[in-house]
Every structure is written in structure tokens, then in C-alpha cells.
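For the record, in the sequence shown the residue sitting at position 880 is 880 according to our numbering, with numbers rising by one throughout.
It is possible that part of the hints are untrue.
What the hints assert, rightly or not - Once the Cα atoms are required to be at most 20 Å apart in a straight line, the calculated EDC-like pairs of lysine to aspartate or glutamate come out as:
hint : residue 1 : residue 2
1    : Lys141    : Glu199
2    : Lys642    : Asp630
3    : Lys241    : Asp144
4    : Lys594    : Glu225
5    : Lys205    : Asp163
6    : Lys205    : Glu136
7    : Lys205    : Asp380
8    : Lys695    : Glu645
9    : Lys723    : Asp705
10   : Lys700    : Glu618
11   : Lys241    : Asp84
12   : Lys141    : Asp163
13   : Lys730    : Glu687
14   : Lys707    : Glu610
15   : Lys677    : Asp630
Just so you know, the hints here were simulated from the structure itself, not pulled from any lab data.
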Amino acid sequence: MNKWLHSWRAAIRIARRDAWRFKGRSFLVLAMIALPILGVSAADLTLRSSELSAEEKLDRTIGAADARFSDAQVGGVPILQSPDGEMNAPAKEYGDRGWPSGSTDVTAAFPAGAKTLTDTAGSAKLTTVHGLLQTEVRELKAADPIATGIMPLQEGRFPQRADELAATTHFLETSGLTVGSTLTARGFDRTYRIVGAYELPNDLKADQVNALPGAFLAPYGKAAEKAGLMKPDTSTTHLVKLSGGFTWNMVQQINTKGVAVVSRAVLLDPPADSEVPLYQKDGWGNYETSTAAQAAELAALGTVVGLAMLEICLLAGPAFAVGARRSRRQLGLVGANGGDRSHIRAIVLSGGLVIGIAAAVTGTVLALILTFALQPLLEDYLGQRFGSFDVRPLELLGIALLAVLTGLLAAIVPAITSSRQTVLASLTGRRGVRRSSRVLPLVGLGALLLGAAIALYGSVVSDQVVIVAGGSAIAELGVVAMTPALVGLFGRTGRWMPLSPRLALRDAVRNRGRTAPAVAAVLAAVAGTVAVATYTASSEAQERAEYQARLPYGAVSALVVEDGGRDVPAVREAVQRLLPIDARADVDRIVVGKPGCSPYGQGTGCGRYEVVIPAANECPLWAATTDGSDPSERFTKEQRRKLAEDWRCKEGDSGSVYVEGGLLVGDARLLTILGIKDAGAERALAEGKVVTFAKQQVNKAGQVDVKLITDLEKADAADREGKPAPGEIKSLPAYLMPEGEQSYGMQGMITPATAKAAGLTTVPVGSYFTTDRMPSSEQRQKLDAEIAKLGSDVDLRLEEGFVSKGSIVLLSLTVFAGLVTIGAAGIATGLAQADAEADLKTLAAVGAPPRVRRTLSGFQCGVVAAMGVILGSAAGVLPAVGLRLTEEREQLRYYQEALDQGWGVMSQPPHVPIVVPWETLAALLVAVPLGAALLAALVTRSRGALARRAAT
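Build the full structure now, drawing on both the sequences and the hints.
Next comes the structure, spelled out in C-alpha cells:
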């Protein structure tokens, strides 16, 4: 035992000395191993620090309270909730009918002796230095001890009077205001002074102001209603403090009153899933804690780590071989002085151990320093404060051990190769000849065939992407194992090459021990790049084929549905002024109730309208039933397939020319902008008719019925019973557009005069524009800045056609593969130069020009790069094709299911193309090897030191 320890101690000392002597090579290998360790350790530290404990989460959400009560908005019926309070559902099953809706009195659920604090949230457009900014307004007595921790104060104080506000630091940065500034809201006659700045630890980028309860939202809502606008929606929760807290049983008791609860006691000591009634309902399981989810995460993590270690070993292995080859005389002296093969292996393995430990320490220490130093930047980037700088030693130790293991694995093959050399060969510099293994290529061929079969099974028979990925990985490992044999096949092409490339190829084939790992490293990197590039290009081709234009090319739409269209004139003027506009068509929308009512009928005194579909035109698969059952279940599969092709069940075009309710108010200029050339439609608009693109809307009398619904409660009750909503019906003559006309989402339109004659109230909603040329990026940025000053929610769209998003991905992958290829080829070239030094001296001695040295070095690097790129390109196509075939099966299955169920959502079978990214392949096959060869030639010295050739 002591002898073994002493021998390893000596081996480690020798390895440490050699690592220090050859600093450049040692730094290269250390960097290759340490950089991934640095990245993974930093990611672990960031992830763990950003993960909040249950206590930290509670401090940020409920402060010092014991619970937060909120209305589940189900009309007070009993509910079931998850322990964290984020999910809830009515306890009663309602089938296909909608859940009950409505508010309940949350205060009735307060237990006796509880202290409460209201927390109300709304929004308003506040004045800033730059214009208006849509801002969340939160009414909470933040200075109360119960609210401690929810909004930490950064400067000044919290409001103490009704005319004071505090604001988040992000709001102050965005608005240009400071503590002490005054602000007001649009259309509001009250002024408020900012007395403090705070932040929301969970949302550092939130624009929010804080006021005392009742100091802002209620008077602002009255002012909005007085101006004929919608009162802003508000939501109120209650912070509750009770001696002893709220147990899970108490929470479930409160749930019976339709109130959801976030309890401190429950979150700190959550019940088992079996004790949560919500998780026992279909579709409400706790997937996050399921064994399947954890197994999937571990499998994905293990695959990524394994492939990363393989790539590093393939890259670092030749570097260790360089060191072993340069130190072969020293290793020979060890053998001459009584050392055996185990001692030689120990010395080379110790090199991997020393570098691995150094890389582990370096990567871990740098990760700790950088993560701690960059914590404020990371918090700003993630948008939330870390709970604490959470260092988990066991996790960091495990990551560091991966570095040590990687170093040892990378040195195994060089250690075995070095130990097999005789003492005489090591001392004299002879390299000897060793035949390549005949078993390894056969094993690789078997793995290739097995992996291809598994991937084919996964893509053709099964729908599991994991099977395709696993089979592709096995096949790629098989190609890696076959690399030495494949390198030998490349050697047969040397007879047709000039001197320098022939020498380089011959050298690579004769020394497969150093060539194969470098080629395999290039192969692995290029295969991954080609796989992702092929998949990305194929997906992009499918997206291009499925793309539907929202507007004609170059057209612009600008819509504003809030505040009764108050900002529409300003938006129209901004678009007209800043973009190269050719024509404009203004459009309005129908409103039921006050002019400021939203299209969805929300708010007091507001209603909605709908275009009535005649009973004869209703799709039988969608028609409402009185018992709430699914109407499609009354038909067989064949009948549903047939009905899916029925005109009554066809859906219209999608696009931007859409308004809630389906009826747009405009004139013939809109048809011109949309490229619709139909004289009949223009005449129909002039005659006061509805121009409709939906055949389902037209009744037997050739009219379109518009129902005005003023009582929303009765309408909701009728909907739950499967009955039509009550309301006044306006019948208008209709003109049906010919089939095949592109509508860009528009269902129907009438002119303002027709709407007025029918007694329909309209308000501006926006405009559509055509441009004489595509707006530049600068023009669009100016328009975005101008609209931002209005503080309105503007739906602005410019139709540019299909815009590729994968180009940057393909470019990044190509650059990555190029860097790995050049690195691996450079390592192999360095090893080749160490081996071929005697040959180079002989060439110089017989009169070879100096450029031969550079040329040979360049071709040696280029040969390795070319072989790896060719093999990697071939290997990378398999997983991409397998994944695309799997997706095709999934989409075809969904298409068939849609036909069987009569959904009618897909008019044609899916088109799943497989596209080879020839540009990326060309860059990899031509530019990367050429660049590697040129780079190697440039960094190689033309002349070497002329010395006596060693006796052989």
C-alpha cells in the first residue's frame, strides 16, 4: 500500500512539474475543462440564489400577515384550491357548462379577532416628463407592520396623507420623475406628490405607485365615469393576521365560502398531495412533483452532461497525447530506472488529475467571485432580488468532481498508448507501428446500425421524441468509434493529391491514435450543429408555408379599443406623419351603452352586441344544447368528418381586420386598402347593406341580424342554460362576398351612415393604411416612441410578410462549430508537428523550401477539419430527419383526430418538409476547413532549428 502511495505521489509531482513547464498547453487544457465548470457552477449559484425559500416568498407576498384572502370570482360557491393558493376550481362539477361567475363578500370569511389590511390594485395613465405612462396603482397602507416586506422602502417614506404617493424605483427611472415631484392622471383634477421610492423584490421592472386606501382609485374612477369613460377595473385582496395562523383545515373551511387563501402555516408545512382534494380531480394533478417530471429532468440533464464530457475528452485527449509524446524521453528514463508500465500510466494519468483539479478549483472559485460580484446585474436582468447568496457545497463539489473525472478520462488513452512503448523506442524517439483495433470499428458499426434502427422506430412507429434522440446519440457514438477506420478510408484519396496534402493525409492516416480523437471531436460538434440547423431550416420552411398574412404587404393597422377611442385621432396623426403613408381608411366599432364601454361589455351601464347566426346556418357540431352536453357526440365519426367539410362549419380567414362582435364600421376605402376589388361590394355599401364574408351570417331573407344585449347578467344566465341571450335585434340587408376573396379576418362591415340609420352607436377604433414603400427601422422606432407618449394600448401592426427568425441561430451554430473545429484541428496539428519534427528536419536538410513547413502544417490542420466536418455533416442529418418524421406523425394524428371529432380547425393535411441548410453545410464543408488550414499555416514558423537527425 505504501509503495502504491509513494509511486502515485511521485507521479503527481512529475505531472505538476510538467504542467508548470509547458504552461501554454496546460492553460489550453485547463481552459477547456474549467470554462464549462465555471458556467455550470455560476448557473447553479444563480439558480439557487434566485430560488426563494417558503418564508422568503411569504415575506414578499403577504408581508407579516398570516394569510391573504381573495375572491375566487365564482359567485361564492364552494371551491377547492392548491396549498399555495395559486390554483382553484369549484368543488362541484359543471361539465361542459361554464363555471358560475360573480363576486362574494370576502369579509364574511374573516375569523373573529383577526386584524386585516386591504390591498387594492388598479391602473391609470399617469403624467410623466415624457408624456403618459400606463401604471399600476396599488392602494395599501404600506407603513402598517402587517405589510412589512412587501414593498421595501428605498428612499423617503410611504404616504401618510390622501394627496401623497410612493413610487417604484423603475417607475421613477421610466417617467423621469423623482421623490418630491408631483403628478396626476389623465382627465383627473387631483395632484399628488411623490414622497418615497420603493421596490417590489419579485418584480424590479414594475411601474407602480402606492397610495393610501381610497385615496386614488375611487375618485379617479368617478372622474372617468363623469367623463363618459370606463371606470378602471380594480381587484381587492385582504391581508389577515390571526393568532395561531391558518391551518389547512381552516383554509378548506374558508374555501366553502368561495374565498381562496394563501396561508403562511400551510406553505411552511404543506399537506401531502393525497390530502389535497383539488389534486384528486381529473386534470388537476401536481405534475411538478411527479416522478415522471423528475425522471424527464434527470434524463435531459444526464444527456447534456454526458455529451459535454465526451466533447471535452475528445478535445483534451490529443492535448494530453501531445504532452506524453513530448515527454517520451522522460518516460523512457523512468522505465530505464526500473519503472514499469503502471508507473508510466500513473504519470500520464496524473497529468489529467492535476489539470482536472486545477480546472475544478479555478472554475469554482471564478464562479463564486463572478456570481457574487455580478449579483446586482443578475438581479436586474432576472427582474427580481435574490433571497440570499446560496452556496451549496455538495452541488459545487459534484460539479468540480466532473472536472477531475473529465481530466482523467481525457488522459486514459494517451496513458495506455505511452505505457505500451518500449524503453528503447522512447529513448531513441522511435514511434513504432501499431495496428488499429479491428474490434472497435465493428462495435461502432453495430452501434450505428442499432442507433439508426432505434431512431427509425421512434420516428415511424412511436411518437416519443426521447427514443429518436437516444437512438441518434447511440448512432453518433458508433460513428465516433468507427472514426479510426473511416480515417483510413480517407487515406486512399491521397494518390491524387500534390506533395504537401499527400504528406499531411498520409501522416494523419499513419497516426490514427492522435488523428481519430480530433476528428471525432469535430464530428461531434458538427453533427450537433447540422442536426439543429437542419431541424431549424425545416421548421422555418414549414412556418413559411403556413404563414398567413394579417394584412396586404406593406399595410399598417393602428387600433385603440380603450377609453372610447379618445386617443384614436392622435394615433392616426402620428402614423400619418411618421410613416410613408399612401392611403388611409378610418374605422369605427359598434358600442352598446356608454361611448367609453369596452368591446367586451364590461362595466356598469355597458352591454355588447353579436351577429345572430340563423338556426339553419348553425354548425351542428357546435350548436348549443340545453343540457350542456357536447353536440358533436350525437354524430358518428364518419358524420363528423362529413360535417367538418360543410360550409356551416367552415371558419373564416384570420388577420388583423377583426373587431369584437364581428362587424366593422368603415367605407369603401377599407376595401381598397385590403386589395378587394368588387364593384358589387362598393355598391352594397353605398346602398346601406352589410358586406359580409361569412355565409353563416345571412338568413333566408338575405339579411344580417345584429342583436344588442344590454343586460349581461341575463345573457350569462341564458348562456349557462343553453338558451339565446335576450336583446333587441336590428335586421340589415346583406351582400355576400364571393368565395375565395381574402378578407384578412374581417367578417362583415357597414358604413357609418348605415350604422346611424339603424340606431347603432359607434366610436372610433383606429385606421388602416397603405404605404408607398416599406417603413424603415428608424421610422418605426420614432412611431413607437410617439405612441408611447400617449400611454395608450395601441395595437400597431405592419405587414412585412414572413420574417425569418432562424438566420441568427444558424449563424451562431456555424460559428460555434467552426471554433470547435479549428480548436480540435489545431490540437491535432500541434501533435502532428511534435511527431513529424524529424521528417521536417529531413526535408529541410535535403533542400525543401521553407514554405513546405507552413504548407504541410496548414494541410495537416485542414485534413483533420475536413474529415471531421464531412463525417459530422453526414451524422447530423439523422436526428433531424427522425425528429421531423416524428413531428409529421404527431401532426397527422392530430389532423385525423380533428376530422374524426369534427373540429374543422385544419383544412388541409399538414405539410412537414425536411430541408437541408445548404448554406450552413457549404460554410462548414468549405469555409471552416479552409480557414483552419490558413490559420495553421499563418501561425507556423517557416524555419525550424536544424539539428542532427536521430539514429533510428
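- prompt: Under the criterion that the straight-line Cα-Cα distance not exceed 20 Å, is the pair Lys707, Glu610 satisfied?
  reply: Measuring from Cα to Cα gives roughly 5 Å; hence the hint holds.
query: Holds or violated: are the alpha carbons of Lys730 and Glu687 at most 20 Å from each other?
result: holds (17 Å)
- prompt: Going straight from one Cα to the other, do Lys677 and Asp630 come out at no more than 20 Å?
  reply: violated (41 Å)
- request: Starting from Lys205, check that the Cα of Asp380 is at most 20 Å away, please.
  value: holds (8 Å)
- prompt: Given the hinted pair Lys700 and Glu618, is their alpha-carbon gap at most 20 Å?
  reply: Given pair Lys700, Glu618 holds - Cα atoms ~13 Å apart, limit 20 Å.
message: With the threshold set at 20 Å, check whether the alpha-carbon distance from Lys205 to Glu136 stays at or below it.
response: Holds: Lys205 and Glu136 sit about 12 Å apart, inside 20 Å.
- prompt: Regarding the pair Lys141 and Glu199, is the alpha-carbon distance no greater than 20 Å?
  reply: Holds: Lys141 and Glu199 sit about 15 Å apart, inside 20 Å.
field: Lys695 paired with Glu645 [C-alpha distance capped at 20 Å]
entry: At roughly 14 Å apart (the allowed maximum being 20 Å), Glu645 and Lys695 satisfy the hint.
Given pair status - Glu225, Lys594, alpha carbons within 20 Å: Given pair Lys594, Glu225 holds - Cα atoms ~9 Å apart, limit 20 Å.
- prompt: When you check the alpha-carbon spacing of Lys141 and Asp163, does it fall within 20 Å?
  reply: It holds: about 14 Å lies between the C-alpha atoms, which stays within 20 Å.
message: Checking one constraint from the list: CA of Lys642 to CA of Asp630, max 20 Å. Satisfied?
response: holds (18 Å)
task: Would you mind confirming whether the straight-line C-alpha gap from Lys241 to Asp144 stays at or under 20 Å?
output: holds (12 Å)
Going through the hint list in order, the structure does not satisfy hints 5, 15.
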